[in-house]
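Following the hints, complete the assembly by docking chain B onto the known chain A.
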Amino acid sequence: MIERELTCQEFVELVTEYLEGIMPPDERTRFEAHLDDCPYCDSYLEQIRQTIRMLGRLSEETLDPAIKEEMLHRFRTWTSERP
Amino acid sequence: MSGNLQPIKPNESPASTNRAEMQLVAALRRGDEAAFATVVERYHRSLLCLARTFTPDTALAEELVQETWLALVRGLDRFEARSSLKTWLFHVLSYQAQRRIKREARTIPFSDLDGPTVDPGRFDPPGTEWAGHWSEALPDWEETPEERLLAAETMVCLDGLIATLPERQRQVIILRDIEGLSAADACSVLQIPDATQRLLLHRARARVREGLAAYVRGDEGGPA
Chain A
1 MIERELTCQE FVELVTEYLE GIMPPDERTR FEAHLDDCPY CDSYLEQIRQ
51 TIRMLGRLSE ETLDPAIKEE MLHRFRTWTS ERP
Chain B
1 MSGNLQPIKP NESPASTNRA EMQLVAALRR GDEAAFATVV ERYHRSLLCL
51 ARTFTPDTAL AEELVQETWL ALVRGLDRFE ARSSLKTWLF HVLSYQAQRR
101 IKREARTIPF SDLDGPTVDP GRFDPPGTEW AGHWSEALPD WEETPEERLL
151 AAETMVCLDG LIATLPERQR QVIILRDIEG LSAADACSVL QIPDATQRLL
201 LHRARARVRE GLAAYVRGDE GGPA
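These protein sequence lines map, in sequence, to chains A and B.
Going by this note's numbering, the first residue of the first sequence is number 1, and it counts up by one from there.
Going by this note's numbering, the first residue of the second sequence is number 1, and it counts up by one from there.
Next comes chain A alone, as it looks inside the complex (with noise of 0.2 Å):
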C-alpha cells in the first residue's frame, strides 16, 4: 500500500524527531522522501542543522575575575582544612 507522500507542513514538525534518529523506518523512509522532492524543506532541515551548529558555538565571557576569586578562596579554605 502506497502511503500518502508527506506535505511540507508536516514535514517541519518532524525534523527533530528525524534528527534525533528516533525515526520508526517507514516515517523515515517518507520523510526522505520528501526531501528528496522538495528543495524547500531540504533548505528548511539544513536551516535547523545549522542553528543547531551555530548553538553549539556560542562562545564564553570571560569571567568576573572577582567570582574567580571568591571561589578560589573558598576553595583554599576546604584545601586546608582537610583532614
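It is possible that some hints are incorrect.
[Claimed, not checked] Reference listing, derived: stretches of chain B covered by chain A, where coverage requires no fewer than 3 residues with Cβ under 8 Å from a Cβ of chain A:
1) 35–48
2) 60–74
3) 122–133
4) 153–159
5) 175–183
6) 205–212
[Claimed, not checked] Within a straight-line C-alpha distance of at most 35 Å, the following computed DSBU-like cross-link-like pairs (lysine-lysine) qualify:
7) 68(A) with 102(B)
8) 86(B) with 68(A)
9) 86(B) with 102(B)
Everything labelled a hint here was simulated from the structure, so no lab data went into it.
Virtual Cβ for every residue (Gly too), placed ideally from N, Cα, C.
Chain B in isolation, oriented as in the chain A frame:
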C-alpha cells in the same frame, strides 16, 4: 596552570575528553588551585545561564551557582565519574533550584507545547492544489557568506533569540544544543520526560531558526 592539565577541545573524541576530565578531577582532589580555576572559568557562565532560566532574580541565580561550586568543593571526595563533571554540575544546580525556588505550577504552560512551529500562513491552505506545501520559496542561507554567519554580531543575535524563548524551551535548548548534553541527561537534569523534552527542543529550535533567518535576510525583506 599545572603543566599536566590538557584543555578539553570541543571536537575531541569522548575517550580523550574523559581522560582529560579524569585528570582534572584528580587535580581538584589534590587541592590544585589551577584546576579549580579552570573548572570555574569553564563552567560558571553555563551554570549562570541555566540558573537564570529557573529564576528572573539575578542575585538568586548567582547564589544558586555559588551553591553549586560549594557543593563541588564539599562533594569532591565523593564524586564518582559516572557522568561528566559538567552534567553533574547541572544536576546539582537543578537540585538547588528546586530546593530554593517554590514553583507556583508544576505544569508547563500550554503555549510552550502546543501549536504549529511554523506559521501556517507560510503554506498553501487546505482545499487548494498544493495544500500544506510552502507557498513561497524558502530563502536559503547558502548565499550568505560564511563569515557573516560566524560573525560576533550573529552570536549576539543568537544570544538575544535564546533570551526571548519561554523558560522551559530555553532550558532545553541550552542543555541540548549549547551545552551538548544528551537527551537522557537533559531529561534527568530538568526532571521532565523525554517526549516533553523533545517537544520543547523542537519548538525552541524552530523559533531560533526563524529569528536567525530574519537576521540573515537582514534588509533584504521577504519571508524568513
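query = In terms of beta carbon proximity below 8 Å, does the stretch 122–133 of chain B have 3 or more residues touching chain A?
reply = Check passed, 4 qualifying residues.
ask   = When you check the alpha-carbon spacing of residue 68(A) and residue 102(B), does it fall within 35 Å?
value = 29 Å, holds
Chain A covers the stretch 35–48 of chain B, three or more CB atoms within 8 Å, holds or violated = It holds, with 8 qualifying residues against the three required.
35 Å limit on alpha-carbon distance, applied to hinted pair residue 86(B) and residue 102(B) = 25 Å, holds
Per-stretch coverage check for the stretch 60–74 of chain B, three Cβ contacts closer than 8 Å to chain A = Our answer is that it holds, as 5 residues pass the Cβ test (under 8 Å) against chain A, meeting three.
ask   = At a Cβ distance under 8 Å, does chain A reach at least three residues of the stretch 153–159 of chain B?
value = holds (count 4)
ask   = Are at least 3 residues of the stretch 205–212 of chain B within less than 8 Å of chain A when you compare beta carbons?
value = Three-residue rule met by the stretch 205–212 of chain B, so holds; n is 5.
inquiry  = Need the status of pair residue 86(B), residue 68(A): alpha-carbon distance at most 35 Å?
reply    = 17 Å, holds
Coverage criterion applied to the stretch 175–183 of chain B (partner chain A; beta-carbon cut 8 Å; 3 residues) = holds (count 4)
Hint compliance for this structure: no hint is broken.
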